[in-house]
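J.: Please construct the entire structure, taking both the sequences and the accompanying hints into account.
When you line the sequence shown up against mature numbering (1 follows the signal peptide of the UniProt record, and there is no 0), it's residues -17 to -1, 1 to 308, in that order.
To be clear, the hints were calculated from the coordinates, so they are not data collected in a lab.
Given the structure is predicted, the values throughout are model-derived calculations rather than measurements.
Treat each hint with caution, since some may be false.
Below, in silico cross-link-like pairs of lysine-lysine (PhoX-like), each with a Cα-Cα straight-line distance of 25 Å or less [said to hold, decoys possible]:
no.	residue 1	residue 2
1	K258	K291
2	K196	K147
3	K147	K169
4	K196	K140
5	K140	K169
6	K196	K169
7	K150	K169
8	K258	K284
9	K140	K150
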Amino acid sequence: MMYLFATLLSTAVLAWSHELSFPLPGRPPADNRVVLVLDGQPISLLADSGSARFFVVYGGWFERQYGRGSCRRHNMTCYFCPVEAPCDDIEQRERFGVRYGGGSIFYQYVQHTGSLDLGGQSTVQVTFGLIVDHDDANGFAPDGVLGLSFGRPGIPKTFLQQLKGSKVIHTLAYSLDFRQDQGGGKLVLGDSGSQSKYTVHLPFTRLPGAHPKLFVPVTSVRIAKKLVSGRKAIGRVSEKVAPISLNHTVVFMDTGNAYLGMPRATFDILVEDLKASPNAASPAGVLGEGLWRSAEEPVWKIRPGHVKFLPTIIYSLVGVAGRDC
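T.: Structural data, given as structure tokens:
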């Protein structure tokens, strides 16, 4: 779990065009976190395009689980109910549950209403979840989530639906502006970035029986190897392996997911490339020791110091009117 420091805090900016902009101070797309100021408290949340939920870590519950003072150690993680919006009845409130990670991560939360800072002197009332129970098979601590996906019956109104209902934004749309090879970016609510010359529009696909989510077609995937000097990865070379055709396979675009799916053939190339690279050898010069197959579970593991030698995976998507990206 990653936390932001107070020096990175930037509040929302409400534009006259009924858009709401939040900076992404981390390094997208790996660190898609935004800071919302709720009842005067800066809270760091994961901007998750694969979820429709909006909840924060309830400080009272968190400190019971992780010890007194744990919220101070985990900066911008916990929300505490203010005097003007108490939650003394939290145990009596209706509970909502959601699972992530194929069912391995469970959250239970109750609804609470507070004030969202829109920048300057502007605020708006929003309803969000307070986490009151959590279980993670991998042992990770809970994380606040700002879901950007489609709303549906049976779950609380989404963050975007609430902003539209309050006339803060006019459309249920958002854009994530990623700067390649740079830190930072921004999340814009109420706008899809449709006017930008850099925008590539992707055809949206729905899978039968699935909740409405962002599935897009991918034509191929290939690998760009890193240029290496000594034991330091310093960039990419232009030579790439031949693209592996995916025949317009649809993939789920999820900014809240820490996993990356790929064809088995591509994965095997990555494994063999790393095992054969002298630059990914152990300090003793033995090839392959940076990568090993776990005895406890059917997965490959890589040492943190060897991650920099992994090549770049390039997915080819075809946008509307045949424009590639």
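J.: State the violated hints by number, sorted upward, taking the hints as numbered earlier in the document.
T.: none
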